[in-house]
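Visitor: Each chain is listed here by its residues.
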Amino acid sequence: MIIDSIFVGYLYALRYDGEADNELDRLLHQWNNVRYLKLFAQKNKIRDIETFVKARLDDIEDMEDTIDEIDQDNKNLKLFFQPLYNEETGLTTLSLQKAKRKNNKLRFYAIRIDDNLFLITGGAIKMSLEMKDHTLTKKELSKIYHAKAWLQDNGIFDNDSFFEFINEQND
Amino acid sequence: MLRESQGIALKVLMKLNSPGWSQRRLAAEMGVSPQQVTKIVSGKENLTLETQTRLQEILDIPILASYYENKAEVLATVVGEMIRKEFSFSLIRPSLVVYEMSQSVGKVINISQNSFTYQDAANG
Numbered sequence: 004m005i006i007d008s009i010f011v012g013y014l015y016a017l018r019y020d021g022e023a024d025n026e027l028d029r030l031l032h033q034w035n036n037v038r039y040l041k042l043f044a045q046k047n048k049i050r051d052i053e054t055f056v057k058a059r060l061d062d063i064e065d066m067e068d069t070i071d072e073i074d075q076d077n078k079n080l081k082l083f084f085q086p087l088y089n090e091e092t093g094l095t096t097l098s099l100q101k102a103k104r105k106n107n108k109l110r111f112y113a114i115r116i117d118d119n120l121f122l123i124t125g126g127a128i129k130m131s132l133e134m135k136d137h138t139l140t141k142k143e144l145s146k147i148y149h150a151k152a153w154l155q156d157n158g159i160f161d162n163d164s165f166f167e168f169i170n171e172q173n174d
Numbered sequence: 173m174l175r176e177s178q179g180i181a182l183k184v185l186m187k188l189n190s191p192g193w194s195q196r197r198l199a200a201e202m203g204v205s206p207q208q209v210t211k212i213v214s215g216k217e218n219l220t221l222e223t224q225t226r227l228q229e230i231l232d233i234p235i236l237a238s239y240y241e242n243k244a245e246v247l248a249t250v251v252g253e254m255i256r257k258e259f260s261f262s263l264i265r266p267s268l269v270v271y272e273m274s275q276s277v278g279k280v281i282n283i284s285q286n287s288f289t290y291q292d293a294a295n296g
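Residue numbers (our numbering), protein chains in the order written: chain A, 4 to 174; chain B, 173 to 296.
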């Protein structure tokens, strides 16, 4: 597992073993693929496939615009991410987070390393209310917990420990 | 550009859902590899005008403005022919077309790309 930088200093993404892309690039690539979206709709027994695909293409455009705005404007990722579990309050070490937009079914999942430092662990098209109720989001739940354990195993819990690890990784 | 390619890809994919169509058949009719068709329907290819025209013609789906222009041309011919047959007018003026069409309410017109038929709705 490798950590790729997206926006140096504040946004990073995991690149899993055997994957050519980190999770952000992989998902953006996947969600922009019309054939993938159509097959996804069929597999999930969506009645109006055309409307579903068009809506997801709007969703990905919205997500990409938001990511660009974050990079160009305030770089405040806290406006993009929120706790995965609504009941979480205050600062939690290696907090599990999700990025969601209003009326948008796409989700990025991430771990907050420090105040404005996030590591994307994956993402999915949300098809069920609870993550555990759909194969894809269930898998993402497993990935984010696995990533958290991996960070802990590598002694990463804040800004300093994260960048120390990044420097060692890049040496 | 990406959204345009994605829009075309979706139109192609929805057409390929029709009975008898498949990516393999489309590839054969276009004279390209199935892998090339997979690229087209992923919506990430910068499609040439030639490719767009071929997709439009082979699949009979609207991609370029020429699709509607061609259909409009066929429709104009159909309407002209219909009025000539119905009312024995040798010269059709645009102002007359509107009037004559209003007189033909109740006719059902079936138009395909190269031909047309019409009949009384009551008998249809």
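Treat the hints loosely; a few may be bogus.
[Said to hold, decoys possible] Capping the alpha-carbon separation at 25 angstroms, the derived lysine-lysine pairs in PhoX-like fashion look like this:
# : chain 1 : residue 1 : chain 2 : residue 2
1 : A       : K103      : A       : K81
2 : B       : K183      : A       : K46
3 : A       : K48       : B       : K183
4 : A       : K57       : B       : K257
5 : B       : K243      : A       : K46
Hints listed in this document are in silico derivations from the structure and should not be mistaken for laboratory results.
Visitor: Each of the hints needs a verdict: does it hold here or not?
Guide: For each hint, the structure was consulted:
With a C-alpha separation of about 12 angstroms, the suggested pairing of K103/A with K81/A holds against the 25 angstroms cut-off. At roughly 19 angstroms between alpha-carbon atoms, K183/B and K46/A fall within 25 angstroms of each other, so this suggested pair holds. Restraint check for K48/A and K183/B: the C-alpha separation of about 19 angstroms stays at or below 25 angstroms, so the hint holds. For the given pair, K57/A sits about 45 angstroms from K257/B by alpha-carbon distance, which is inconsistent with the 25 angstroms threshold.
At most 25 angstroms may separate the alpha-carbon atoms for a hinted pair to count; K243/B and K46/A exceed this at roughly 36 angstroms.
Hints 4, 5 from the list above are not met by this structure, while the remaining hints are.
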